[in-house]
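Trainee: The lines below spell out each chain.
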Amino acid sequence: MTTLHFRVHARPAWRRWLLTRETAVIAALAAVLLYANAAVSNFDSPLTLYYLFLDVTPLLLIALPLTMVIVTGEIDLSVASVVGLSSVLVGVLYAHAGMPMWAAALTAVAVGAVCGSLNGYLVAYVGLPSLAVTIGTLALYRGIAIGLLGTEAVTDFPDSWTDFAKMRIVEGGSLPMVLIPFAVLAAAAVWLLHWSPFGRGVYDIGLNREAAHFSGVNVERTKLLLFVLTGAVSALAGVYFTLRYGSARGDNAYGLELQVIAAVLLGGVSIFGGRGALHGPIAGVLLIGAVASAMRLEGQTVNAINIVIGVLLVASVVATPVLNRVAAERAARKQK
Amino acid sequence: MSEPAPEAVLVLDEVRKTFGATAALTSGGITVEAGSIHALVGENGAGKSTLVKIVAGVHRRDGGTFRFQGRDVDFTSTADAKAAGIAVIYQEPTLFPDLSVAENLFMGRQPRKSAHRIDRAAMYEHSELLFQRLGVHLDPRRFARGLSIADQQIIEIAKAISLDTALLIMDEPTAALSGVEVDRLFAVARALRDEGRALVFISHRFEEIFALCDTVTVMRDGAYVATQAVAETSRDEIVAQMVGREVAELFPKTPAPIGDTVLRVEGLHSTGKFHDVSFEVRAGEIVGIAGLVGAGRSEIARAVFGVDGYDSGSVHLHGEAVPMRDPQASIKAGMAFVPEDRRLQGLVTESSIARNIASVLRRGLARAGFLSPRSELRAADAWAQRLQVKTHALDMPATTMSGGNQQKVVLAKWLATEPSLLIVDEPTRGIDVGTKAEVHRLLSDLAGQGMAVVMISSELAEVLGMADRVLVVCEGRITADIDRDRATPETVMRAATQTHRPEAGA
Chain A
1 MTTLHFRVHA RPAWRRWLLT RETAVIAALA AVLLYANAAV SNFDSPLTLY
51 YLFLDVTPLL LIALPLTMVI VTGEIDLSVA SVVGLSSVLV GVLYAHAGMP
101 MWAAALTAVA VGAVCGSLNG YLVAYVGLPS LAVTIGTLAL YRGIAIGLLG
151 TEAVTDFPDS WTDFAKMRIV EGGSLPMVLI PFAVLAAAAV WLLHWSPFGR
201 GVYDIGLNRE AAHFSGVNVE RTKLLLFVLT GAVSALAGVY FTLRYGSARG
251 DNAYGLELQV IAAVLLGGVS IFGGRGALHG PIAGVLLIGA VASAMRLEGQ
301 TVNAINIVIG VLLVASVVAT PVLNRVAAER AARKQK
Chain B
1 MSEPAPEAVL VLDEVRKTFG ATAALTSGGI TVEAGSIHAL VGENGAGKST
51 LVKIVAGVHR RDGGTFRFQG RDVDFTSTAD AKAAGIAVIY QEPTLFPDLS
101 VAENLFMGRQ PRKSAHRIDR AAMYEHSELL FQRLGVHLDP RRFARGLSIA
151 DQQIIEIAKA ISLDTALLIM DEPTAALSGV EVDRLFAVAR ALRDEGRALV
201 FISHRFEEIF ALCDTVTVMR DGAYVATQAV AETSRDEIVA QMVGREVAEL
251 FPKTPAPIGD TVLRVEGLHS TGKFHDVSFE VRAGEIVGIA GLVGAGRSEI
301 ARAVFGVDGY DSGSVHLHGE AVPMRDPQAS IKAGMAFVPE DRRLQGLVTE
351 SSIARNIASV LRRGLARAGF LSPRSELRAA DAWAQRLQVK THALDMPATT
401 MSGGNQQKVV LAKWLATEPS LLIVDEPTRG IDVGTKAEVH RLLSDLAGQG
451 MAVVMISSEL AEVLGMADRV LVVCEGRITA DIDRDRATPE TVMRAATQTH
501 RPEAGA
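Taken in sequence, the protein lines are chains A and B. Counting in UniProt numbering, the final residue of the first sequence is number 336, and the numbers go up one at a time with none missing. Counting in UniProt numbering, the final residue of the second sequence is number 506, and the numbers go up one at a time with none missing.
Among the hints, erroneous ones may be present.
To be verified - Partner residues aside, some chain B positions facing chain A, computed with beta carbon under 8 Å: (1) Pro327; (2) Pro339; (3) Gly346; (4) Ser351.
Claimed, not checked - Beta-carbon label-pair distances, calculated as ranges: (5) B:Pro373 / A:Arg168: 32 to 42 Å; (6) A:Thr3 / B:Ser234: 30 to 40 Å; (7) A:Arg11 / B:Arg386: 17 to 27 Å; (8) B:Asp164 / A:Trp14: 52 to 62 Å; (9) A:Phe272 / B:Asp341: 12 to 22 Å; (10) B:Pro373 / A:Tyr254: 36 to 46 Å; (11) B:Phe96 / A:Arg11: 37 to 47 Å; (12) B:Pro373 / A:Gly173: 35 to 45 Å; (13) A:Thr3 / B:Glu14: 32 to 42 Å; (14) B:Pro373 / A:Val314: 32 to 42 Å; (15) A:Arg11 / B:Asp276: 52 to 62 Å; (16) B:Tyr90 / A:Tyr254: 49 to 59 Å.
If you are wondering where the hints come from, they were derived from the structure by calculation, not from laboratory data. Glycine residues also receive a C-beta, built at the ideal position from the N, C-alpha and C atoms.
Please model the complete structure; the sequences and the hints are all you need to start from.
Mentor: Below is the structure:
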C-alpha cells in the first residue's frame, strides 16, 4: 500500500477566512461604525452604544437558536409571538396572580419551551412544513397573548428587576449588564452548533436529510430540540423585553420575527439550510442595529430605516450569486 | 489525406477540458457513424461524462475538433445541441410527475388548435404513433408519476425521436433496469439503429456491450485509447485498454474461518415490501443477497439496519435484540450500512471529505463534549489513507470526486466505526473496474478479519465470486439459500424468478 499525503485544506487560510459572507458582514459593520463615529454627531457617545445594545438584545438572543433552526432548513416565524406571550405571562402571573417575579419569569420561559415543542412536534414528527406551521402558531400565540391581557398593560414591576435590565457593567460605560447573560448563551450556542457532534448533525440535516438519517443522526429529535430552544430563548427575550420597557403587553415585539430573520440571513445563513455560522447573524443584528441607530440620530423616520435595512438584505442576497459568478469567471480565465 | 466518403455523424478529436486544477479531458475523441450503436467505455474519471456533456452542450470544450453532421459546431447551451439533433438519455430521467405521458413528450411544443388551444387529441394520437414505432405499450394519458425508470427512459427516447434526433446518447441507461426491461430497451435501440440513427451507449456491463453494440471506443485518464469493432475484440482486451494494466482477478474472496452467529433476523415482515424474512450471518462470512431489481433486497437491508421500520419480526446482533427504526442503536450495537445511493443516502456531498468520513464516528471523537476539527481530520486521514482515497485535500467537498472515490469515502466512514456487521448495498454500482477490484479485496479482507458481511448486488458475477452463501430474494421472500459451491448463475436465476407471474426472465 502506498502512503498517501493529504493536504488538510485546498485553499490557503486567508482565502478560506476572508472570502466568506460572515467576514463581509463584519467588514460592513466596521465600516458603518467608523463612518457613523466620524459623520454622525453623538454616535460616539457612550449613551448611543448603550441604547444600541439594549435595543438589539432581544434580536441577538433569538438569533442564536433561530440560526440553528434555519441551518436545518426549517424556519420559525412564531418567535415574536412567543416574546409577546411571555411578556403577557410575566405581567399576569406577577401582578394578577401574585407570583414572585422569578417564578413568573421561569414559568414564562417554560411556556415558551412548550410553544416551541408544539412547533417542533408538528414539523419533525408530523412532517408538516415549518413555514405553514409557524405562520399558524404566529397567529395562535399572539392571539393567546392578546386574549389574556386584552389591550391592557401591566407596568408595575419590582424596581430591582427593571433596573437590572438597564444596568451597566461599568457605571457610566456603554455596555449593559444583559450582555453578560447573552455572552454566556452565545458561548453555549457556539459550542452546540460548531464544537459538538450534535452541531455537525444540524448541518448534515440541512445539506442532506436522508444521508443524515442513514448515518444515525436523529433528525426528528434534533429538529424538536432546536424548536424547543427557540421557544425558550424567545420567551427569555420576552422577559427581558418586559423589564426593559417596564411594560407587559400583548402586542410587545410585534413584527420582530422579520427583523431577526432578516439579520440571520444578512449574516450569511442560507435559507435553504446547511450553511452559515453564528458570528454572521450576530454581526447581522449589530449591523442592522447600528444602521438604525445612526439614522435615528440623523432624524430619519422608522420608514426610511426600514427601507435601508430592506435594501441591505436584498443586496446581500443578490451579492452571493454575483460573487460566485465572478469567482468562477476568474478561475476560468486563470485556466487559459 | 483523401476525404472519406460519407462523414461520420459525430467527430470529436483532441478535445480538451479542464475544471479548476483538474484536467477532465486531455485528448478526448470519438467518431460515431450513422446507423450504428457505439459503446463508450472507461473507468470512472476517464472523461466519458465530460465528453458527453460537451456533446450535449452542458460544457464548452477548451480546445479540439468537434464536428456534427459534417459541420464544425460549438454548442453554448443544451438547447443548441437539441436543436442540432442530439439527445441525451440519463440514468434517471426527469419527467414532470404530475403531467401526463403525452404532455411530457410534447412539453413546450404542444400541437395547437385555433386560438392557441392545446390539441389534446392530436397529442395523444402522435404519442400512440411514437410508441407503436418503438414497439412499446404505454398509455399516453396516464400521469408520469409512478412510472418505472425503464418506462421513463422510453418516454425520453420517444421524445428524442419525435424531435428527429440524429444522435442519441444513453448514459448508463441499464443501471436501474431489470432483465426484461433491458431487453426491451435493446430492441428499441436496435430499431433506431436500423432507421439510420447513431447511438452512443455508455455502460460498465460488458455483456450488454457485446450483446448490443457494433463499435467500442475506450477512454482512459481523459484521453482516447482505441476504437474497435465489437466483433473483433474481447472483454479482456477492453479491460486491459481501460486500466492500462493487467487487472488482478475481479472477485478475489479468500476462504476465511467462519465463526459465531453475528446477525440473526427472524420472521421480518413489512406489508407490501417483504414477508417472513429469516436468515443468519456469521463472523467471517460474506452472505450475498441476489435477486431482480425491485425484489425487496434493499428494503430488507434498510429494515435490518433501522432506517425503515417493519411490522413484525426481530433483529438480533450478537444475541441482543436491536430496536426497530433506530439507526443510532444499530450503529452502537456494531452495524454499518453502505446504502445503495451514495449521493443521496451515503454522503453529504456538499460537506467535506473529512466530515463525511468522521460523520458516524464523531460522537466517539468528542472529548468532554468538544468535537475539534483536528480530531475529525486525524480520523479521516487515517481512513482515507487505508482506503487509498484519491483527493488532494481533505476539506474538499465530496461532490468533486468520482463515483469510485465517493464510494471509498462511504466505506471509510463506516469502517471507521469498526463494525462487527457490515451491510453493503450495491457496493460497486457505477464504479470503475480498478476501484471495483479494490472494494472486493477489501470486503474479502474484512471477512478474513472476522467481520460478518452482507452484500446486496445486482451483478450476478459479483455475488457468485464473493459470497460464501447466496440468499435469493424474489417478490419480497427469500426463495433460496445456496452454498458457495452450489451457487451457479442457473440456480440463482431460477430462484430469483420463482414468481407467480409467467413473464419473468433474465
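Trainee: Hints the structure violates: just list their numbers, smallest first.
Mentor: Result: no hint breaks.
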